[in-house]
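Undergrad: Throw the hints in and build the complete structure from the sequences for me.
In the order they appear, the protein sequences are chains A and B. Just so we're aligned, residue 888 is where the first sequence starts under the working numbering, counting upward by one. Just so we're aligned, residue 573 is where the second sequence starts under the working numbering, counting upward by one.
Bear in mind the hints are in silico, worked out from the structure with no lab data behind them. There are no misleading hints in this set.
Below, a sample of chain B positions facing chain A; criterion: calculated Cβ distance under 8 Å:
hint, residue
1, M613
2, G614
3, L615
4, L617
5, G630
6, F677
7, P679
By construction, the Cβ of each residue, glycine as well, lies at the ideal position given by its N, Cα and C atoms.
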Amino acid sequence: GESVGLHLPTLSVQEGDNSIINCAYSNSASDYFIWYKQESGKGPQFIIDIRSNMDKRQGQRVTVLLNKTVKHLSLQIAATQPGDSAVYFCAENPPGKNAGGTSYGKLTFGQGTILTVHP
Amino acid sequence: NAGVTQTPKFRVLKTGQSMTLLCAQDMNHEYMYWYRQDPGMGLRLIHYSVGEGTTAKGEVPDGYNVSRLKKQNFLLGLESAAPSQTSVYFCASSYSGLAFNEQFFGPGTRLTVL
Chain A
888 GESVGLHLPT LSVQEGDNSI INCAYSNSAS DYFIWYKQES GKGPQFIIDI RSNMDKRQGQ
948 RVTVLLNKTV KHLSLQIAAT QPGDSAVYFC AENPPGKNAG GTSYGKLTFG QGTILTVHP
Chain B
573 NAGVTQTPKF RVLKTGQSMT LLCAQDMNHE YMYWYRQDPG MGLRLIHYSV GEGTTAKGEV
633 PDGYNVSRLK KQNFLLGLES AAPSQTSVYF CASSYSGLAF NEQFFGPGTR LTVL
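TA: As structure tokens, this is what we get:
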């Protein structure tokens, strides 16, 4: 899982294994969560999202689980491939402070987890 | 569509120099954002814009200025660069500021301040 500090958490898996990347988010009022993948030298790329009224959402080979009780988010990647090697970030959307509660999409990002997939 | 592009890709500055980073998007998005990414940390929001002619401060705005004179462009300026501004800068855009609208990111600009 993610933690404060200069060294990113790492996860090493074998090709074909399932991967689970964890994230602890900070704001219990956040209503939207996103997982991003960032490959070396590139910008973050959207993987999957989930709203706070859900506890599970599935995509292609990926599943996001949300546990609001303990403010925990996880990303599961099935049959991990070498192309999945990257840094994975979770992001939360805390509620806005204006009258309409709009946060203007101002996301709060976790520090990231390095996933390395060995052939 | 090119999506979100950033210019330049790399830059080295001396302390006290100024520069402008350019972000352009061709998706007709209303919202644009500037983030910085430091080693071992997630992205932190510097400034953002909710539409042409508007700008607002994010989490770490000090030492930066921005302008959104055209809808498709969002400029980030450093008036007097400091070594603490050495970072990778990412621009992003989204159709709206609603939480459920995906943010699309550019490839980043790696800035080193000596």
